[in-house]
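Assemble chain C onto chain A, guided by the hints.
Same order as they appear, the protein sequences are chains A and C. Numbering-wise (this note's numbering), the first sequence opens with residue 1 and increments by one. Numbering-wise (this note's numbering), the second sequence opens with residue 522 and increments by one.
The set of hints was computed from the structure by calculation and includes no laboratory data. Note that beta-carbon positions come from the ideal geometry of N, C-alpha and C, so glycine has one too. Incorrect hints may have been included.
[What the hints assert, rightly or not] What follows is a list of derived Cβ distance ranges for each label pair: (1) A:Trp436 / C:Pro653: 21 to 27 Å; (2) C:Glu748 / A:His359: 56 to 62 Å; (3) C:Ser630 / A:Val356: 44 to 50 Å; (4) C:Ser560 / A:Ile371: 35 to 41 Å; (5) C:Pro691 / A:Trp436: 20 to 26 Å; (6) C:Pro691 / A:Arg353: 37 to 43 Å; (7) C:Glu640 / A:Gly366: 51 to 57 Å; (8) A:His359 / C:Ser630: 41 to 47 Å; (9) C:Arg747 / A:Val356: 52 to 58 Å; (10) C:Ser676 / A:Ile371: 55 to 61 Å; (11) C:Ser676 / A:Leu502: 51 to 57 Å; (12) C:Ile627 / A:Ile521: 27 to 33 Å; (13) A:Arg512 / C:Arg600: 38 to 44 Å.
[To be verified] Listed below are several chain A residues computed to face chain C (Cβ distance under 10 Å; list not exhaustive): (14) Pro346; (15) Pro417; (16) Ser419; (17) Leu420; (18) Ala424; (19) Ala426; (20) Leu427; (21) Ser430; (22) Gln437; (23) Asp511; (24) Val513; (25) Ile515; (26) Gly518; (27) Ile521.
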Amino acid sequence: MKLHFTSRSGGLQSAVGLRWLRSRRCLISALLFLPTACTFAAPVVIGSKKFTESYVLGEIAKRSLSDAGIPAEHRQGMGGTIILWEALRGGQIDAYPEYTGTIATEILRSDSTLSLNQIRNSLEKSGVGMTAPLGFNNTYALVMRRSEAQRLGIRTISDLQRYPALKFGLTHEFLERQDGWRPLRQRYGLPQQNIVGIDHALGYGALANGSIAVKDAYSTDAKIEQNDLLVLEDDLHFFPKYEAVFLFRSSTRADAIAALRRMEGTLDEKRMIRLNAEAERTKNYARAADLYSEGRDGALRRPDAAARRTYQNLDDSFWHKLARWTLRHLQLAGFSLLLAIIVGIPLGIVASRGGVVGHVILGFAGVVQTIPSLALLALLVPLPFFGISIRTAIAALFLYGLLPIVRNTATGLQDIPRSLRESAVALGLSPTARLWQVYLPIASRSILSGIKTSAVINIGTATLAALIGAGGLGEPIISGLNLNDHVTILEGAIPAAVLALLVQWCFDLLDRVLIPKGLRI
Amino acid sequence: MSALVKLANVSKTYGDAVALCPTNLSVESGKTTVLIGPSGCGKSTLLRIIIRLIEPDCGSIEFDGKPVTPENINALRRRIGYVIQEGGLFPHLTARANVLLMARHIGKSEEETHNRLLELSELTRFSEDLLPRYPVELSGGQRQRVSLMRALMLSPELLLLDEPLGALDPLVRASLQKDLKEIFMGLGQTVIFVTHDLAEAIYFADKIVLMNEGRIVQKGSITDLRETPADPFVSEFINAQRGVSLQ
Numbered sequence: 001m002k003l004h005f006t007s008r009s010g011g012l013q014s015a016v017g018l019r020w021l022r023s024r025r026c027l028i029s030a031l032l033f034l035p036t037a038c039t040f041a042a043p044v045v046i047g048s049k050k051f052t053e054s055y056v057l058g059e060i061a062k063r064s065l066s067d068a069g070i071p072a073e074h075r076q077g078m079g080g081t082i083i084l085w086e087a088l089r090g091g092q093i094d095a096y097p098e099y100t101g102t103i104a105t106e107i108l109r110s111d112s113t114l115s116l117n118q119i120r121n122s123l124e125k126s127g128v129g130m131t132a133p134l135g136f137n138n139t140y141a142l143v144m145r146r147s148e149a150q151r152l153g154i155r156t157i158s159d160l161q162r163y164p165a166l167k168f169g170l171t172h173e174f175l176e177r178q179d180g181w182r183p184l185r186q187r188y189g190l191p192q193q194n195i196v197g198i199d200h201a202l203g204y205g206a207l208a209n210g211s212i213a214v215k216d217a218y219s220t221d222a223k224i225e226q227n228d229l230l231v232l233e234d235d236l237h238f239f240p241k242y243e244a245v246f247l248f249r250s251s252t253r254a255d256a257i258a259a260l261r262r263m264e265g266t267l268d269e270k271r272m273i274r275l276n277a278e279a280e281r282t283k284n285y286a287r288a289a290d291l292y293s294e295g296r297d298g299a300l301r302r303p304d305a306a307a308r309r310t311y312q313n314l315d316d317s318f319w320h321k322l323a324r325w326t327l328r329h330l331q332l333a334g335f336s337l338l339l340a341i342i343v344g345i346p347l348g349i350v351a352s353r354g355g356v357v358g359h360v361i362l363g364f365a366g367v368v369q370t371i372p373s374l375a376l377l378a379l380l381v382p383l384p385f386f387g388i389s390i391r392t393a394i395a396a397l398f399l400y401g402l403l404p405i406v407r408n409t410a411t412g413l414q415d416i417p418r419s420l421r422e423s424a425v426a427l428g429l430s431p432t433a434r435l436w437q438v439y440l441p442i443a444s445r446s447i448l449s450g451i452k453t454s455a456v457i458n459i460g461t462a463t464l465a466a467l468i469g470a471g472g473l474g475e476p477i478i479s480g481l482n483l484n485d486h487v488t489i490l491e492g493a494i495p496a497a498v499l500a501l502l503v504q505w506c507f508d509l510l511d512r513v514l515i516p517k518g519l520r521i
Numbered sequence: 522m523s524a525l526v527k528l529a530n531v532s533k534t535y536g537d538a539v540a541l542c543p544t545n546l547s548v549e550s551g552k553t554t555v556l557i558g559p560s561g562c563g564k565s566t567l568l569r570i571i572i573r574l575i576e577p578d579c580g581s582i583e584f585d586g587k588p589v590t591p592e593n594i595n596a597l598r599r600r601i602g603y604v605i606q607e608g609g610l611f612p613h614l615t616a617r618a619n620v621l622l623m624a625r626h627i628g629k630s631e632e633e634t635h636n637r638l639l640e641l642s643e644l645t646r647f648s649e650d651l652l653p654r655y656p657v658e659l660s661g662g663q664r665q666r667v668s669l670m671r672a673l674m675l676s677p678e679l680l681l682l683d684e685p686l687g688a689l690d691p692l693v694r695a696s697l698q699k700d701l702k703e704i705f706m707g708l709g710q711t712v713i714f715v716t717h718d719l720a721e722a723i724y725f726a727d728k729i730v731l732m733n734e735g736r737i738v739q740k741g742s743i744t745d746l747r748e749t750p751a752d753p754f755v756s757e758f759i760n761a762q763r764g765v766s767l768q
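So that you can see chain A by itself, here it is in the shape it has in the complex (with noise of 0.2 Å):
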């Protein structure tokens, strides 16, 4: 597949998350002399879109590499195309599998009629080197319910020119994509007006419901087996082919290139769709990677002890995981909102004098609160000193946090009465001592409850940081959303929620503390 599809709005499993989990499995394993993937090479870092097939091809590359005796992790699900490219490039990650549509496309922006020679010259100049096909070429379609298509005669995308008022729902990227819609469009004249976007795992729920008609796919997904979806014929050979390979810097470890390398011609059609329909079964990518070795050493080979420790740890307790994710997005949401406060007071100190900087402070603040969470992470992304890291989700959490509390200081310490202001002034207090004796003080209900709507809405936002592998509740969000899986999704939205709920209630006995008295009576 190539898709990448929901680049934009799911996310992964916190990579993060999963390395500092796994360090400290490799100490134990370390201290059971159990030799495992840890050494103290810096292991190989492969990185995946969040999609199942990046995820089962991830897991593949990085089995095939522990297999050749080479430190090998995985980042899941770290976003899509450009997040993914620009990770590759920026040394955060060694390899991750892609497409060679979407390369041309999308990263080398040309067109899909670009030799493999073509495109692997091209990826020299970033450094970056490309494999040949794995052997499957996962192209986009268009499906619709099998019975309905039936029902409608329809079996080509051309037969769609006939029913004008068909209902697409097609995923964000594949209605930009320059080899998306809007072509696809124009070479068959389709005449379809009601096109929505939706998350692409969420479609397939629609498709079946019937809320939609006509969603995109890919030509391995297992969910048109699943589902009795009919793949229209793509009469008019309008969509180019998006053969599988894996993209690796230049520079990575001839022996680990060659290990990948090894992966070449391995995998058709049928069987990635078997790997896909495995991994969603059992939501268990390293068992379908042990499909794929099984399948490729043509004999049924035994999870040998390390495989079956890897599945202890995907089997890991329901609360320990829990646990896991709440730290950490406590530490995303707590570490944000620290800095917020450290800054967004004072900001908001400098923003109730008003004048010209008052008025930046305050339209800066607020034209952050405009970007949409997920463009924010996304800008940032690319910078040098962020990357797919937890310092950029908490970057972005920062930011967030900053106007509520900017505001909240600044229309605190302006609805001072002016009879109290000037009575500060009057009595001959320092400017200082009127701050932190009179104005503060007066503000602080103000100031607090700015404090409060940022840990809020942090603790709601810092879901987002699974995006970028940055861990936290977002993880099994995501995860579920990909997966199409709610209970998965519930497990991380309710402790969210409940999250959210105890940090209000703190938040309210916080107040009896620190609002003084005589402005709570």
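This is chain C only, laid out in the frame that chain A set:
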């Protein structure tokens, strides 16, 4: 009698609106000077210019023989007490903390400030038991007494009162008027008192300064104002108020 405060050609305008025409005024030590006039006549502006809550456009002010400047104003403010209509007490501090705030800020000893507090609570007839209360827990009259204690805490040479009794009901107002007058007499306090109530002005004033539309119309005793009005406005103002106060 020497002049404690001297204003020379002090004026203030906001855009086109004249808040105070160029004005001269001397305030004598130990006396109560009452600024009176209709709303918007500039009496509050004049008072606030003295303590520099409003920066005058031009003119000069002398306090105790020395010019008031932005550099020395904060030190001078500690020698001036200021009480406003709503009291201006800080709601997050108890009555006691309000009164002691400034003394603590400049590092006076606890013992000294405590003794002064007891003295003041007796002087202003404010029960010590009420000192731990917050402003919202006090009545309007009690708040004004606390505000007066706060203004007097550092034994200021000058006391500025901006309609301090304006928001009180008549009975409370009458009893506070009496107490205030006794306090001023007892302390030999120099006071500038702003009011729009002629009866109150007559009760307190050693000297009445009648203002209208941003300028001083006449200065003198109530007898001067009655018998030799400088301007038809003076008679008009006095007669209008007399009608009300006789009812």
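Going down the list of hints, with the structure as the test:
no., hint, verdict
1, A:Trp436 / C:Pro653: 21 to 27 Å, "22 Å, holds"
2, C:Glu748 / A:His359: 56 to 62 Å, "58 Å, holds"
3, C:Ser630 / A:Val356: 44 to 50 Å, "45 Å, holds"
4, C:Ser560 / A:Ile371: 35 to 41 Å, "50 Å, violated"
5, C:Pro691 / A:Trp436: 20 to 26 Å, "40 Å, violated"
6, C:Pro691 / A:Arg353: 37 to 43 Å, "42 Å, holds"
7, C:Glu640 / A:Gly366: 51 to 57 Å, "53 Å, holds"
8, A:His359 / C:Ser630: 41 to 47 Å, "46 Å, holds"
9, C:Arg747 / A:Val356: 52 to 58 Å, "54 Å, holds"
10, C:Ser676 / A:Ile371: 55 to 61 Å, "58 Å, holds"
11, C:Ser676 / A:Leu502: 51 to 57 Å, "53 Å, holds"
12, C:Ile627 / A:Ile521: 27 to 33 Å, "29 Å, holds"
13, A:Arg512 / C:Arg600: 38 to 44 Å, "40 Å, holds"
14, Pro346, "21 Å, violated"
15, Pro417, "8 Å, holds"
16, Ser419, "5 Å, holds"
17, Leu420, "6 Å, holds"
18, Ala424, "8 Å, holds"
19, Ala426, "4 Å, holds"
20, Leu427, "5 Å, holds"
21, Ser430, "7 Å, holds"
22, Gln437, "7 Å, holds"
23, Asp511, "13 Å, violated"
24, Val513, "14 Å, violated"
25, Ile515, "8 Å, holds"
26, Gly518, "4 Å, holds"
27, Ile521, "5 Å, holds"
Violation of the numbered hints given earlier is confined to hints 4, 5, 14, 23, 24; the remaining hints are satisfied by the structure.
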